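Asker: Using the hints, position chain B against chain A.
Residue numbers (the working numbering), protein chains in the order written: chain A, 1 to 467; chain B, 1001 to 1467.
This list has only true hints and no planted wrong ones.
Pairs of lysine-lysine, DSSO-like flavour, derived with a Cα cap of 27 Å:
# : chain 1 : residue 1 : chain 2 : residue 2
1 : A       : K450      : B       : K1441
2 : B       : K1450     : B       : K1055
3 : A       : K55       : B       : K1429
4 : B       : K1429     : B       : K1450
5 : B       : K1441     : A       : K55
6 : B       : K1291     : A       : K291
7 : B       : K1450     : A       : K450
Facing chain B, from chain A, some residues (calculated, C-beta under 10 Å):
#  : residue
8  : D98
9  : G179
10 : D238
11 : H286
12 : E288
13 : T292
14 : I414
15 : K424
16 : H430
Every beta carbon over 10 Å from chain B, so not counted as near; a handful from chain A, in silico:
#  : residue
17 : E6
18 : S10
19 : S24
20 : A60
21 : A119
22 : Q318
23 : E320
24 : P338
25 : V355
26 : E392
27 : E426
28 : G456
Please keep in mind that the hints were generated in silico from the structure rather than gathered at the bench. Because the structure is a prediction, the values reported are computed rather than measured. Cβ coordinates follow ideal geometry from the N, Cα and C atoms, glycine included.
2 protein chains.
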Amino acid sequence: MDKLLEEIKSIVGSAGILLEEDVSGRSDTWPPMGGCQAQAIIRPANTREVSAVLKLCHAAGQGVVTHGGLTGLVRGAKAGKDDIVLSLERMKGMEPVDTVNRTITVDAGVPLQKVHETAEEADLLFPLDLGARGSCTIGGNIATNAGGNSVIRYGMVRDQLLGVEAVLADGTIISSLNGVIKNNTGYDLKQLFIGSEGTLGIVTRAVLRLRPLPRSCNTALVAIENFEQLGRFLSDMDSALGGTLSAFEVMWNDFYSLIVGDGSKHGQPLGSEHGFYVLLESTGGHEESDKTRFEGALEEAFESELIVDAVIAQSKQQREDLWAIRDDIEGLTQLLMPPIVFDISLGIPKMDDYVDEVRQQLIEQWPDSHMVVFGHLGDGNIHLALTIGSHEPDEVHAVEAIVYEALGRRQGVISAEHGIGLDKREYLKHSRSPDEIALMKTLKQALDPKNILNPGKIFAQQKDSPS
Amino acid sequence: MDKLLEEIKSIVGSAGILLEEDVSGRSDTWPPMGGCQAQAIIRPANTREVSAVLKLCHAAGQGVVTHGGLTGLVRGAKAGKDDIVLSLERMKGMEPVDTVNRTITVDAGVPLQKVHETAEEADLLFPLDLGARGSCTIGGNIATNAGGNSVIRYGMVRDQLLGVEAVLADGTIISSLNGVIKNNTGYDLKQLFIGSEGTLGIVTRAVLRLRPLPRSCNTALVAIENFEQLGRFLSDMDSALGGTLSAFEVMWNDFYSLIVGDGSKHGQPLGSEHGFYVLLESTGGHEESDKTRFEGALEEAFESELIVDAVIAQSKQQREDLWAIRDDIEGLTQLLMPPIVFDISLGIPKMDDYVDEVRQQLIEQWPDSHMVVFGHLGDGNIHLALTIGSHEPDEVHAVEAIVYEALGRRQGVISAEHGIGLDKREYLKHSRSPDEIALMKTLKQALDPKNILNPGKIFAQQKDSPS
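In isolation and in its complexed conformation, chain A is listed as follows:
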């Protein structure tokens, strides 16, 4: 073991350092495949140890890749053979819920689901929710500004975070844990650590904002004929449901008819001949009046001929069955083998035309290609899932070029919620200008002049490619 690792061991103890097969047996990508190449995995027990380890790494110019729950999809946690990994898996402390302020203070290694459970015991909600909830950690959620299922109502992580403690590249601890909603005392430093994928600092602790636990939930699946009506339906529902609209998930006909088609395990709650399907949900505080309002809003939409058919869930089971159609990503990818999936945002008025253009370009190049579209339309976020019958890197690359180039021309966003990591680095230029990327590099240089924090992620950094 070299001198630096010896020094680190003296800080974290032998339980705090993994070497050799304990490293190579672990993964640093999703899905897990083993083969982590790092020199060592360091597992500090607290913020003080994170700080002391970073101080040593900073002095030595040692690259550090931070690991949370390892459920990211863009290889943001990939470590090279010269790097060390800093895993926050031992930092799982939680303070009791503050029920008056409605906050909870947790260590970065706490899994998202644990926060859900703890909040619910206090009759409160932590609204961030995503499929990886059992594994992903609060620290990783912050580092990637995670989104998920209820952004339309509650926003992304950036909107749920009141305070943060983070360690800078040189080991300085920045503690901004006061946790009030309104705070205009100089620069809001926590913004630096949200969504910067571990390249500007390592989040060790957070004050999270909790919300009232909803007392009512109304869900419907609705059929709509054309895109223009879809946009108006979203506006009308947001207005009629006044602040309680909590999901507006859209499935293009291609998605819906594929998932509920021949041999499907799902029923067919609505016929598959319509242009678009919306899974609509509203959560509120008063069962009876919320139901009245929800049904009234759908009636209005029928009367104004925005929607042509609808089914309202009458039980918890029926609600789950409707959601199962939207959430059947496993079924979807089996039908689109091998799958290529995209996570993009763009202005709603540009979506229809964008999807048409991409579809046409794909068909021209791969006549047997098949693409379906779905997503969180209310947030401007859609997913494209497609197959061209091949997973050859060159062909996947050609697909990516089509998807991102057409997006860039429409001021779209190449990553709505997954981040950039290594996988989308080459395409960043479609969403951000050279001046924006130069400013990102200025920030990186100011906060991490030796480029030790998650090196090479998001963009190639100064020493690799001078700006």
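Answerer: Structure of chain B alone, referenced to chain A:
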């Protein structure tokens, strides 16, 4: 006119530059008092001109103070005699409302109220609202991360801003105007310009998020006996009103009884013997069901003995009369002459004890002092308004020391929404640690190495006081 001003004039034209009495006749503080000391006031017509002017100023090391509507309360727009002022008063362009995306793109010089009016014509709401709406500008709102009346429901400016165009100290234009809600493509650069009081860049244009215009509004004034019940009432209402709670304004007994007391122009809708008064408001999308829910929520609160008395507004006039009590800051300051007013945040559980301590310390030092308390309790933001019968700088300073020191011990925030400017610079240390302030200086140094942007605001900068 010196060489730099000649060069600037060649960019902005003679309509774009004011000199001598056209400068000294203007103000740079609130309330307006004239006497601006700057060398010149530059009035660029567009972002390109802002960029060209800054490029010249950067080369010359010329200090630049940006002016919006000049309604700030902390001398954040004060210019010294060596500075030039850059006023965005000619940049008032607005694009049409995008009714599908529900956004509007505006120049920084557009007054807030103009955005309100334009959104309302499209049946939409721009929820940021504050007393200075007629004068303050969107650029100034962004630079100060303005808060105001509906933060509990919609958040501060940071939550209303989807995209921004800003000019850096060296004239680089950073244009991030795509205006989608979900965007995880590298660092979220707009955060740098929000709330940094013009010290990191000059905002020239913004994409604002609009919301549905509420269709219903329910308002009540409620009496509560003790602080513990007040906290529970907030939780319960937020829960029962499920996402539609839009105001929770609290008046301590001292405030209410002073404002509705002898000789008051207000009626006395509730007796003045109770501990606390809450002005509660809920806005929604469905008149009938919203009313049912609102009245039901208040009934629940009566039954659980959280509230002891209540009056529900039955008309627009009654609603305005209730708000007039809370908003009568002019009447308040006339009763507390000369007034000293504070804008602070702290955790709700710590508020009661904090107010008691401050009150006691004031009484000990100034037995005739009189303090009243009110504010946006749901946001953790309260205002203290007090008089000690004097406005001597030394005495005001002694009051500030008491208020901020007791706050600092409780991890409170010395500026909830007004910012730091020059007036609160000396007290920043009570809310931010030396390491936080050092990191702010690192950012300032990276983005504005010559310290030309709003020099001296928020903190004394590198060349004045090495960190």
